[in-house]
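Residues per chain are reported as follows:
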Amino acid sequence: MVQKLPRKDVAIVGLGWTGSILANELTDEGLDVVAIERGPWRDTATDFPISYAQDELRYRLQHELFLRPSQISVTFRNNARQTALPVRNWGAFMLGNGVGGAGIHWNAETWRFLPSDFVLRSHLTQRYGANFLPQDMTIQDWGVTFDDLEPHYDAFEYLCGTSGRAGNLKGAIQEGGNPFEGPRSRAYPTPPQKQGFGHALFAKAAQELGYKPFPQPSGNLSQSYTNPLGVTLGQCTYCGFCEWFGCANYSKASPQTTILPVLTRKSNFEARTECEVTRVNLDRSRKMATGVTYVNGSGEEFEQPADLVILCGFQLFNVQLLLLSGVGTPYDPNTGRGQIGRNFTHQTLSTALGFFDKDKFNFNPFVASGAIGMCIDEFNGDNFDHGPLGFVGGGYLGQVQTNGRPIENMELPPGTPAWGTQWKQALRDNYLSTLNCGAGVHASFYSYRDNYIDLDPTYKDRFGRPLARLTIDFHDNELKMSAWLTDKYAEIVKQMGARQVVEKPRKGPYDVTQYQTSHINGGAIMGDNPGNSALNRYLQSWDVPNLFVQGATAFPQNAGYNPTGTVGALALWSAAAIRSQYLKNPGPLVHA
Amino acid sequence: MRRNASTLSRLSSVLVAGAAAVVCAGAASADGIDNQSFNQVERGHYLAVAGDCAACHTLPGSGHDFSGGRPIETPFGNVIAPNITPDPTTGIGAWTDDEFVNALTKGRGRDGTRLYPAMPYTYYTRLTRDDALAIRAYLNTVPAVHHAVQADRLPFPFDIRAAMALWDMMFFKSGAFQPVAGKSAEWNRGAYLAQGPAHCGMCHTPKNFLGADKTGQALQGYALQGWFAPNITNDRRRGLGSWSVDDIVAYLKTGHNRTGAATGPMSETLNLSTSHMSDGDLKAIAAYLKDAPGQQESAPPAPDQKTMAAGKEIYVDECSGCHTRDGKGIAGIFPALSGSPAVQQTDPTSLLHVVLRGARSAGTATAPTAPAMPAFAWLLNDDQVAAVVTYIRNAWGNAAPPVSGDAVRKTRDDLVERSD
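Residue numbers (the working numbering), protein chains in the order written: chain A, 375 to 966; chain B, 251 to 670.
The set of hints was computed from the structure by calculation and includes no laboratory data. We put the beta carbon where it would ideally sit given N, CA and C, even for glycine. Misleading hints may appear alongside valid ones.
What the hints assert, rightly or not - Taking CB as the label site, the calculated pair distances span:
1) S672/A <-> L416/B: 50 to 58 Å
2) D496/B <-> H965/A: 54 to 62 Å
3) H396/B <-> S659/A: 22 to 30 Å
Based on the sequences and whatever the hints tell you, model everything.
Here is the structure:
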């Protein structure tokens with residue numbers, strides 16, 4: 375029996391980055407907000423204390439902070455000719471769980487996308503002609519521009535305390551920063567992190583090759599910082615336990631270290647943890663959400679009525695919830711019609727390992743942070759001429775090695791025995807002098823007609839709901855791009871003085887067991903009309919105007935950067951539209 | 251929207267209580283004071299906050315302010331705080347003003363029975379009658395809650411209330427605060443608040459075996475409820491000697507200052523009381539405390555070098571990530587240990603409590619971060635805790651008596667019995 379609860383002004387599904395941002399903004403507006411979170415409450419001192427946070431086995435290999443596939447999983451296949459099977463151990467991407475969401479276990483690289491990324495199809499068509507793009511590529515403009523988002527990028531960086539060096543201040547190019555970035559209204563709130571020997575050596579080599587290296591913008595802070603909400607963060611100790619881990623000393627930007635201390639003081643905010651939302655409820659017209667239904671840890675079912683419903687779950691779960699709730703029309707790859715599930719993308723990562731002379735190079739790889747590193751942006755987005763290359767897209771190249779954790783860092787020169795005395799000796803010889811950054815080439819993944827999400831016809835979760843089915847593969851464009859970018863990267867590693875360079879370009883088919891990044895995107899994308907998108911430019915559903923969908927779910931395709939900066943900026947942009955427009959006149963903010 | 255609603259409900263309760271007062275007693279008290287005047291109620295509210303009445307008289311989580319029922323731990327057993335809402339049968343709604351003033355300033359119940367000094371009448375006696383009546387005027391406006399509280403829970407022989415007559419005779423000096431000539435108005439205001447409504451010494455002054463203040467050692471620190479309320483005299487190491495007036499004001503206002511952070515029972519005092527006091531009053535309290543003489547300085551015995559070396563190793567591995575190698579910490583988030591009075595208290599109870607169990611620092615509207623220290627009881631054994639604590643008490647120019655593994659074991663055992 376479903377228990378119907380008293381109405382709330384706003385029901386938020388998922389209390390990670392976007393849930394925390396929206397809850398904070400809307401409680402400031404005086405609204406009564408409930409956030410319903412599938413996982414547990416998480417807190418620094420009790421969940422990842424400094425006395426055991428740096429445990430590679432517990433957090434990296436045994437996935438302590440992540441969703442258990444036995445609770446909910448997805449099915450996967452490369453193409454529609456295959457039968458999808460359920461994922462029983464996370465691989466290609468990680469799904470966070472609990473309050474703070476992926477904001478707890480991220481590396482904290484805090485990038486802005488390029489201005490051209492937001493108008494990608496128009497920009498590329500204008501520069502190279504419409505025929506330059508592959509026939510089945512479904513990239514599109516976002517419906518929002520860099521200039522629209524700039525104030526919100528700025529606000530997110532100041533919320534996080536992001537450490538970095540400006541490359542373009544109001545149009546003036548700044549020495550030492552990224553000269554390709556869009557104009558920013560002010561400098562980063564804190565100076566860049568310190569760089570290790572390997573990171574600095576990469577910058578030197580890149581400079582020698584004529585590039586303009588700059589420090590990666592980091593949410594692991596170079597110094598302590600108090601944000602505009604009055605919350606103080608500590609200073610990064612370069613322990614090298616960021617991605618997969620919670621930060622034990624309050625120096626990585628996360629909902630816990632930037633927003634929740636203020637949000638949880640508010641009497642008009644409530645969080646319900648270990649409560650899994652099973653659907654968004656619609657009225658008979660299917661044009662209005664009436665609230666959500668969820669199940670608590672004891673298996674009891676509740677209906678939470680709300681005037682405004684905001685999906686703030688992880689990308690694919692937002693899409694699954696839309697499909698399960700019957701919001702909009704499911705995407706059909708055969709006809710290209712329907713909006714829910716289309717333009718599912720990920721990232722194209724590759725690298726080149728560098729083996730250096732151990733007597734001359736000691737990188738101390740364990741002195742690191744999740745967003746440390748020196749990068750170049752010459753080959754990102756459309757910063758270079760794709761005309762002669764026959765592909766579109768790009769990425770940043772960087773020495774961004776985040777750690778020297780011993781179980782993961784066992785890369786050895788090809789030909790080394792896989793066990794025994796020689797293996798042990800090779801490990802001793804190479805550990806300190808090997809350059810091993812998995813994300814050395816961090817590149818885009820554009821959207822295609824046959825990469826999408828729908829509901830699996832066979833596999834169901836414990837409530838009998840169909841799992842989300844992911845259908846995704848690399849296309850030639852991305853593989854060509856990866857090979858070319860990896861060559862460029864290898865040149866820099868060679869220039870650093872590597873004795874041996876082993877290139878590892880991304881190869882197809884897309885492998886769901888092999889970790890890349892957790893940057894999966896799309897499925898309910900934003901756009902300028904209901905014919906090309908599920909959401910309008912304010913992340914409002916075209917079909918159900920009192921439903922907003924946050925996060926990378928809305929990305930029409932993925933740029934060559936980590937997504938969180940853009941996710942944060944979009945959330946603040948969407949919140950501003952709700953506060954300044956929607957609440958005054960609830961209804962569609964864009965008339966189709 | 252809920253905020254608006256709660257304002258509304260408070261307003262309506264004021265109206266209801268006001269109406270009741272008109273029916274019962276009329277507007278003016280025997281003292282000729284208008285008990286319904288805005289100024290009188292507001293002043294009473296401020297004094298009730300300064301006096302932190304809500305801390306003891308509200309059962310946390312009950313949602314019913316001042317309706318009593320909270321057990322107050324004393325060395326003699328728990329005393330249950332009574333209902334002080336205006337409910338006529340289970341609260342104090344039927345009390346006359348004189349009965350109220352008698353309870354507050356003389357420790358006498360309505361029928362003349364003697365109160366236990368868990369109720370700080372030994373401090374409230376310094377209140378002026380006007381201030382006491384203002385508190386009454388405010389309490390008349392809070393929602394009446396019908397909630398009978400069984401207050402007597404002490405074991406024999408402390409359950410013999412009559413025995414309190416002897417106690418009062420020996421230890422209770424009744425009488426309103428007398429300004430000290432030659433001291434500034436600010437000092438006198440601070441002294442009035444600290445000795446009266448804010449009752450700082452209730453926790454911070456050492457007690458004799460019958461629980462009475464050792465007046466000769468006022469504000470030099472006292473162990474209670476699993477913590478050591480630290481020395482708050484101007485003592486250089488153990489007290490506030492290294493803090494400026496502004497440091498003390500920032501601490502009382504926000505829970506944090508450039509070197510320190512409040513935790514334990516002081517967090518509650520901060521949240522309910524001092525963070526709501528005016529800057530002027532906090533400055534006055536600071537001026538008064540800065541003038542309180544410290545203890546005689548005698549060099550503590552030098553710690554064993556082996557212990558110091560072991561402690562340093564543990565410190566670097568487990569503590570320096572936040573508190574930094576040089577013990578200076580990071581302002582606003584990680585307290586400094588170097589020069590810290592909290593670290594150098596003669597009695598290490600609070601320090602051990604924090605290391606063993608962990609602790610969340612105070613979160614306030616002006617300093618909401620409330621960072622927490624994780625627990626180490628599961629990781630470090632008694633000797634290891636003793637070593638690291640001895641180290642931080644004697645590194646970087648700090649000096650305090652070494653802590654033994656035995657002392658750690660005792661605190662560990664005591665904490666097992668305590669909830670957070």
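Going through the hints against the structure:
Judged by the Cβ atoms, the range 50 to 58 Å given for S672/A and L416/B holds: they are separated by roughly 55 Å. In this structure the supplied range 54 to 62 Å holds for D496/B paired with H965/A, their Cβ-Cβ distance being about 56 Å. The hinted window of 22 to 30 Å between H396/B and S659/A is violated, with their beta carbons roughly 48 Å apart.
Violated hint for the displayed structure: number 3, the only one.
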